[in-house]
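S.K.: Residue numbers (this note's numbering), protein chains in the order written: chain A, 795 to 1111; chain B, 795 to 1111.
Read the hints as simulated data drawn from the structure, not as lab findings.
Quick caveat: nothing in here was measured; it's all calculated off a predicted structure.
Possibly wrong hints are sitting among the right ones.
A pair holds if it fits inside one copy or across any two, identical chains being indistinguishable in the list.
[What the hints assert, rightly or not] The list that follows gives simulated cross-link-like pairs (lysine-lysine, DSSO-like), each with its CA atoms no further than 30 Å apart:
#	residue 1	residue 2
1	LYS969	LYS936
2	LYS1065	LYS1024
3	LYS1076	LYS1065
2 protein chains.
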Amino acid sequence: MEPQQSECKVIPGTKIADKFLKELVRDIKATNAKVKLVSFLANNDFAAEQYANVTKNSCAKSGIIFELRKVDREQLEDSIIAANEDDSIHGILVYYPVFGGGHDQYLQNCVSPLKDVEGLCHLYRFNMYRNIRHIHGRKDLKSLIPCTPLAAVKVLEGCDVYDTSLPIGEQLKGKTITVVNRSEVVGRPLAALLANDGAKVYSVDINDILIFDRGPNLELTKYAVRDCNKKLEEILPISDVVITGVPSPNYRLPIDLLKDGVIAINFACAKNIDDEVTKKAKIFVPAIGKVTTAMLQRNLLRLYNYRDLNYKLVNGA
Amino acid sequence: MEPQQSECKVIPGTKIADKFLKELVRDIKATNAKVKLVSFLANNDFAAEQYANVTKNSCAKSGIIFELRKVDREQLEDSIIAANEDDSIHGILVYYPVFGGGHDQYLQNCVSPLKDVEGLCHLYRFNMYRNIRHIHGRKDLKSLIPCTPLAAVKVLEGCDVYDTSLPIGEQLKGKTITVVNRSEVVGRPLAALLANDGAKVYSVDINDILIFDRGPNLELTKYAVRDCNKKLEEILPISDVVITGVPSPNYRLPIDLLKDGVIAINFACAKNIDDEVTKKAKIFVPAIGKVTTAMLQRNLLRLYNYRDLNYKLVNGA
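Looking at chain A on its own, in the form it has when it is part of the complex (with noise of 0.2 Å):
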């Protein structure tokens, strides 16, 4: 007979996006803050728009301002400086992709740090890879982290994967996490935030695996990066998480390799995870888009606070 695999806890992302929007439902109360986002819709695409419908009804909900600005693509970059200088704006949100590539990176960075909710220009990446954790050496001006990739480090939070009894940047000391999916905008970036708090971490992409971590006593001062000479058939076994992000239908993880009580987390709009990996896994939290749109709105009252600072953070000019 074989032994008995305790039974798996599907936690759905809203669930543990709840609690976040709880507390912004009451801090934004307590503060009687008048908060507004600003999002842009520049492209023309349907599932960009219906993205946009579901942070409006959550920020409705959380007592924020939403404002959909339909603009037309060789606008956006005016429109955003535009916002970047409207003091009654306090965060700005772009659904990309608009021209797709590099130019949609140089828009990135037009958005100002100050409004940035998302987390994409420049000075954030740059603190979040160099484990940087306060803007410009400032304790009052906690760093802000992309929603994305923070999302998944909330997730990792609600299922107890972090060691909170340990300090900052160790809390995953001993974890091997798998993350298949190594893009600019999610995978890298969650690869590194998880070694810069500890962890060893298997990043996984179509060319090959890399190794993220702060090396075996973390004695470096933020993660680094060697090849692997492993498979992925040797380093799921091995895995006491794995996160998938995969932008692909086709896409499913071979749940037969996974590790027994291994937590398995997809946070690509795709189900890149079946649900029999429920015969496996100890937790499973098949989507954390939910968990995103709540790190958004928390960014977004972390900019709030900071507006009266009239701090010098620049991109240009």
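Knowing the structure of chain A, use the given hints to seat chain B on it.
M.R.: For chain B alone, kept in the frame of chain A given last:
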């Protein structure tokens, strides 16, 4: 009998570069400056290594100390940051592509603006696109322009396309220029730069043709973009200047469509314009690589002169 086309002047890039290189030699000698450029090679690209040799030789002639550092690509970010902090280094050059895509653009933003001889960090790109000629409004700090589009501008100046009797920002007024290529690194910045100087620019890429200009009376403060309902066959015969930058050995500019007396400039590494263009053109510049190398050194000397300003120009942290 066909009208006789007066003879075409073929101007090699070296001839235009020489003027600037002589000025550099003079200025570097005069200040007794020990100007040092460090370049990073983190790929196994033979062409990049060859280009490094060209830069090295050119720097040697100008009296610039040139050091090539070969690093593992995973060490590149840390190496760039160490060079940012090393006062003996005045300029940093990276041979791209390294990782490609967004990761490379992230690395471009890791180079301190005070050492970014290529002018590829967000600060300089932003200022160039937005027609902002000084850094943070300081008249003593001229903003840098990325080397390749800057080289194209200097070639146009060398061909007397700029009317220097007009105010800055209007010196290309009345000129129609076609730029074939709209990449984020060269074609798009060049189109914007020329439009910011007053030209009407047709920006051609594989998908469409766009118009970059500042309106009929230069009433805009910076270029704007709009769709063009004309085809290549219609814009080439009305273009005073045609600039090609297609990075493919297969592309050839259709010479029969050019206006008699056109100025034809190729800034691609590939030979986009056949020599028979001399039958139509007034001026033909077959390659501008040497001018780009000269502009790199010119940017370097400018940054060298900024070094003691101790001006805070950061992209992150």
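S.K.: If a hint holds in the structure, say so; if it doesn't, say that too.
M.R.: Results for each hint:
{"no.": "1", "hint": "LYS969 - LYS936", "verdict": "within (26 Å within a copy, 50 Å between copies)"}
{"no.": "2", "hint": "LYS1065 - LYS1024", "verdict": "within (26 Å within a copy, 44 Å between copies)"}
{"no.": "3", "hint": "LYS1076 - LYS1065", "verdict": "within (19 Å within a copy, 61 Å between copies)"}
Every hint, counting from the list given before, is met by this structure.
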